[in-house]
Every structure is written in structure tokens, then in C-alpha cells.
Amino acid sequence: MDKAEVAQLFKKIKQRYPTFDASLEEVNECHKHLQDFPFETAIQNVDQHIKTEKWPPTISEIRGRLGEQIERDRMRDLTATYFAEREAAALNACPPPPGWKDGLIERLRYRK
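Each residue of the sequence shown is one higher than the one before, counting from 1 in full-length UniProt numbering.
A couple of the hints might just be wrong.
SDA-like, lysine to any residue: derived pairs with alpha carbons at most 25 angstroms apart [as the list claims (entries may be wrong)]:
#  : residue 1 : residue 2
1  : Lys12     : His31
2  : Lys11     : Asn45
3  : Lys12     : Trp55
4  : Lys14     : Trp55
5  : Lys101    : Leu91
6  : Lys54     : Leu66
7  : Lys54     : Ala22
8  : Lys12     : Asn28
9  : Lys12     : Ile50
10 : Lys14     : Ile59
11 : Lys3      : Thr19
12 : Lys54     : Phe37
13 : Lys14     : Glu61
14 : Lys14     : Ala4
15 : Lys51     : Ala7
16 : Lys3      : Ser23
17 : Lys12     : Pro56
18 : Lys3      : Arg72
19 : Lys32     : Ala4
20 : Lys3      : Gln69
21 : Lys32     : Arg16
22 : Lys3      : Gln48
23 : Lys12     : Lys51
24 : Lys14     : Pro56
25 : Lys101    : Ile43
26 : Lys32     : Gln8
27 : Lys54     : Gln69
28 : Lys14     : Lys54
29 : Lys12     : Phe37
30 : Lys12     : Glu25
31 : Lys11     : Glu61
32 : Lys51     : Phe20
33 : Lys54     : His33
No wet-lab data here; the hints were simulated from the structure.
Please build the complete structure, drawing on both the sequences and the hints.
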């Protein structure tokens, strides 16, 4: 995120939290902590914060838990892939040949 995006983010926060410090000095100071963070994710985190909190967000709340978010997205994708594979397998599934189950049971009985 560049300084202009930090300023834009702070402007959004200032609209909802009038006591929030959105000064140029604060933008420059916070840019050090937000320069490696994606702007779109910060906006989403601020939107969520506005919905649930009455105090302005801190840098840690603006950053959110990106690692957890990435892991959650990865697990969601893996789950969707797994269910797609299961659906494909169900479409290609067919019952066993006639007599297969009976033959298997007989072999298991005589194995003892």
C-alpha cells in the first residue's frame, strides 16, 4: 500500500470516527506499518471494523489476521475441490458386478 492509499483509507476511517487522527504525520508514520499490506484487504478489514466496533481501528485491526485469512481461503478452496472430486466420482460410480458381494462374504467366512 502506498501513502496515497493509506491517506484514502484514513479518510474513510475519519468519516465514521471523527476523533481519528488522519493527519499527514500520522499517514507517514502508519505507512511504515502498512506498506507491505494489500489495500483491498485493508479496506475490507476497516469495513468489517466499522460494522462491529465503536472505536477507531488500530494498525493491527486494519491489518487484521491476514495469515488466518489466507489459510481460511486456502482451506475453502481445498474443500471445494474435494467436493467437486466427490461429485465427479459419484457420477462415474457403478454398482459391483452381480454375485461379487456374496463371493466376498464366502471367502471371508472360510478364511477363519
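Could you tell me which of the hints above the structure violates, numbers in ascending order?
Hints 18 and 25 contradicted; others consistent.
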